[in-house]
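Undergrad: The residues making up each chain are set out below.
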Amino acid sequence: MTTTKTALRRLLGLTALCASLLAGAAEWPSQPVKIVVPYPPGGAADTVARIYADALSGALGQSVLVDNRPGAGTAIAAEYVAAAPADGHTLALVPTGQLTVLPHIVQRLKFDPEKSFAPISLLAYTSVVFAANRQVPAQSLTELVELARSRPGELSYSSSGSGTIIHLAGEYFRLTSGADLLHVPFKGSAPAVTAVLGGSVDVAVDSLTILAPQIQAGKLKGLAIASRQRSPLLPDVPTVAELGYPGFEVTSWFGLSAPAATPQAIIERLNVEIAKAAASPAVQEKLAAQGLVAWPSTPEAFAEQVRSDSAKYAEVVAKSHITFD
Amino acid sequence: MDLWANLAVGFEAALTWSNLLYCLIGVTLGTLVGVLPGLGPVATIAMLLPITYGLSPAEALIMLAGIYYGAQYGGSTTAILVNLPGESSSVVTCLDGHAMARQGRAGVALGIAAIGSFVAGSLAILLVAAASTPLAEFALSFGPADYFSLMLLGLVAAVVLAQGDLLKALAMALLGLLLGLVGVDVNSGEERFTFGLPQLADGISFVVISMGIFGIGEIIANLERDESRSPLSRQLGRLLPTRDDYRRAWKPVLRGAGLGSLLGILPGGGAMLSSFASYLVEKRLARDPERFGQGAIEGVAGPEAANNAGAQTSFIPLLVMGLPSNAVMALMVGAMMIHGIVPGPQVMGERPELFWGLIVSMWVGNVLLLLLNLPLVGIWVRLLAVPYRLLYPAILLFCCIGVYSVNNSLFDVLLTVLFGLLGYLLIKLRCEPAPLLLGFILGPLMEEHLRRAMLLSRGDPSVFVTRPLSLTLLLTLGLVLILCLPRLRATRQAAFSED
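Protein chains in written order, with our numbering: chain B, 242 to 566; chain F, 729 to 1227.
Among the clues, some could well be false.
[As the list claims (entries may be wrong)] Only part of the chain F face toward chain B is listed, based on derived beta-carbon distances under 7 Å:
#1 850
#2 868
#3 871
#4 872
#5 931
#6 1109
#7 1187
#8 1188
Hint data in this document are derived by calculation from the structure and do not stem from the laboratory.
No residue lacks a Cβ here, since even glycine has one placed at the ideal position from N, Cα and C.
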C-alpha cells in the first residue's frame, strides 16, 4: 500500500515536472527578451542587434529590446550575460573580438569564451578594408608593402583601438607581409579615419562599413579588402588574397549567444527565427545599407567560427606582443 | 547661387508641419533640461534615442538637434538666476550673468543672452550652410601636435580665467587631469587607478563628474542656504537691453560668434571651450577688465554667443564627414544609424532634403527659442521658483535616471553621489570646479594627442614647434601667460600685504 502510494506520488511528481518543463518551453518568451550589446548606441554591433531585434519582436510575439552595456573592451557585457538567468530572456550580441581576441590579451576575465555561452547563430559580417591617404605614393597594397620596406619606420596605420579586431587585422598583415608599419591606436573609428583623411597617419584599417563611403567619395585610396571575394560596394578594390597573400582573411562578424544552460528548445527556436529573418529582403536591405551581409548559421558553425578565429588571433597576439594586463 | 538653391530645399523640408512640431518639441525639451541643473542634453538625448525609432529620420534628427542647441539657451537662464550652470557651457555665464542678477538686472542679462545666442546662432548656421566643405578641410589639417598645443592653450586659459585664488584654480585643473587618467590607457592597454574595478576600465564618465560636482554638490550646498534668497523673491527687471547695453554688447556678440564657429568645428572643442575662449578674449579687449566678474554685459553677451555658435558649427564635422566631435554628436551618429543612414560625405549628395532640412531647421529652432525665451522667460523662471523641497528631489531623481541611462550602470549612480560630496567639499573650500571639469575633459585628450604626436614623430619633440599651426598656438599660449603675469604679481602682493 505504502509502496503503491509512493510510486503514485512519484509518478504524479514526474508528470507535474514534465508539464512544467513543457509549459516553460511553450511559454517562452513570457517577458520581453533583452539583447545585450557591448557597445554604446550607434555603430555596427548596435545596428545589427536592432535590425534583428525588430524582426524577432514580430516573430516571437514579444518585444525584443536592445540593452547597451559598453565598457572594458566588451568584457562588462559578456560577464553580465554569462551570469544572467539561462531562461532565454537575456541574450548576447557577440562581436568578433569578444570571444576570439579578448581572452588572449586579458588574463582576469570572469567568463569562459567557450563554456559560458550557448551559441545560437551568426547574424551578419563585414570585411576589413585597407585604405591610404591620397598623398601616400603607393597606388596598391603591393606598392605599399614595397614602400614600407624601402622606408622602414616611416609609414603608420590607424586602428579604432588596441586589441580590437581592426588592430589584429593590421598586425596580422604586418606579420604576413613583413611590411614595417607603425600601429597608431585611436579611441574609435571616427578619429582613426579622420587622422588618415588629414594625413597625420598614412593608412586606415577599418571595416567596410566605415571605409566604403570614404573610398567611394574619393577621399581615401582603397588598397585591398581582407575577404574571400570583392565587395559589390567596392568592386575595384582587390582582395588581399588576390595580391599574393592567399588565405589572408579578416572578417568582423556578429553573432547571438545565450547563457550556457539555456534550454535547447529555446536555442533551436531562435536559430530558426534568425534564419527566417536573415532571409527576408527587408533585413538584408537594412544590413546592406551599413555595409553588412546577413550570415545566419547553425549553432555548431558559429562555435567553429569562434574556435578557428580564436586560434588564428592567438598566434597574432603572441607574435606581436599585444597584452592588456 | 548653389547656396540659395540648397537653402530652398532645406526650407521646404524644415517647414512641413511634422518637422516644425518635432523642432518645437526638441527646443522646448532642450530649454527645459538646460534650465534644470544636473540634467544635460547628453543624458536627455541618450534617454530619447529609443523613442526616435518610430519617427522619420528627419523628424528624429531635427528633434535631437533641437535638444542640444535648446539647452544652450536654457542653460544660461539657470546660470544667471541661480549661479548654477544649467549646462557645462554656461559655466562662464555665471560669473557676470549672476553678478548682473544681483544688481537687479537679471532680465537684461537673460535678454542679451537670448538675443546674442540668436544672432550668433543665425550667423553660425549661415556659415554651416555656406562653408561646410572648406571648413571641414581646415579641421582636417590639424595633426596630433596641433591638437595638443590647442588643448594646452585651453587649459591654461581655464586656470587664468578662474575666479579667486590662482593656486586653487591650478590645483583644480591638476585634480581634473588626474581624474581624467582613470581607465585603460589607449596605447599600452594598462589599467590606471581602476582598483581592479571593471566599471572604471573606461574611465569616469563625464556625465558622472558633471552631475556629481555641479548638480548634486550644488544642491547640498544650497540646502544650508536660506530659501528666502532663492530666485522666488528675485525681481527680473526689464527684459530688453538698453541702447547703452547694445552699444557695449554688439561687438562681443560678433566676436563670440566668430570664435565659437571656429572652435565648434574642432573635435573636442564645441560649446564649452568656445564660451571660455570668448570670455578670455572679451576680458582682454576690455578697456576696464576689472568690471568683469562684477556684472559686465560683455561677459554675458560674448560667451553666450560663442557657445551657441559653437553648438551649431559642431554639426559640421558630423554632417560633412560623418565624424562626431563630441558626446552629443556621437549620439547623433547613433540616431542616424538607427534609421539606416550611414553618416558620411555621401549624405549631402544622397539625402539633400535631410541634410539641408536639418540645417534650416536649426535656424527655425533658433527663432522658436527666441520666442520661447524672451516672452516666456517668466515660465522658465517660475520653474526655478518651484520650492526647493519639490525641485531638488525631482532633480536628484532626474540625475539618477540620467546617469543610469548612459551606461545602464548602478555603479555610475553611486559614483555620482561620491562626486556630489566632493563637489560640496570644493564649494566649502572655495575651489572653483570649472577648471577641474576642463582638466578632466582635456587631460585625456591632451595625453592621447601628445603620445600620438610623439609616436608619429618617433620620439622627436621638435614636432610641436616645427608645425606652423602648433607653433602659432604655443606662441599664443606664451602671450596669454605674459598677459596674466601682472595678475600673478598682484595676487602675490595681496598675499604679502595680508601678513
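Undergrad: Among the hints numbered above, which are violated by the structure, and what are their numbers in rising order?
TA: 1, 5, 6, 7 and 8
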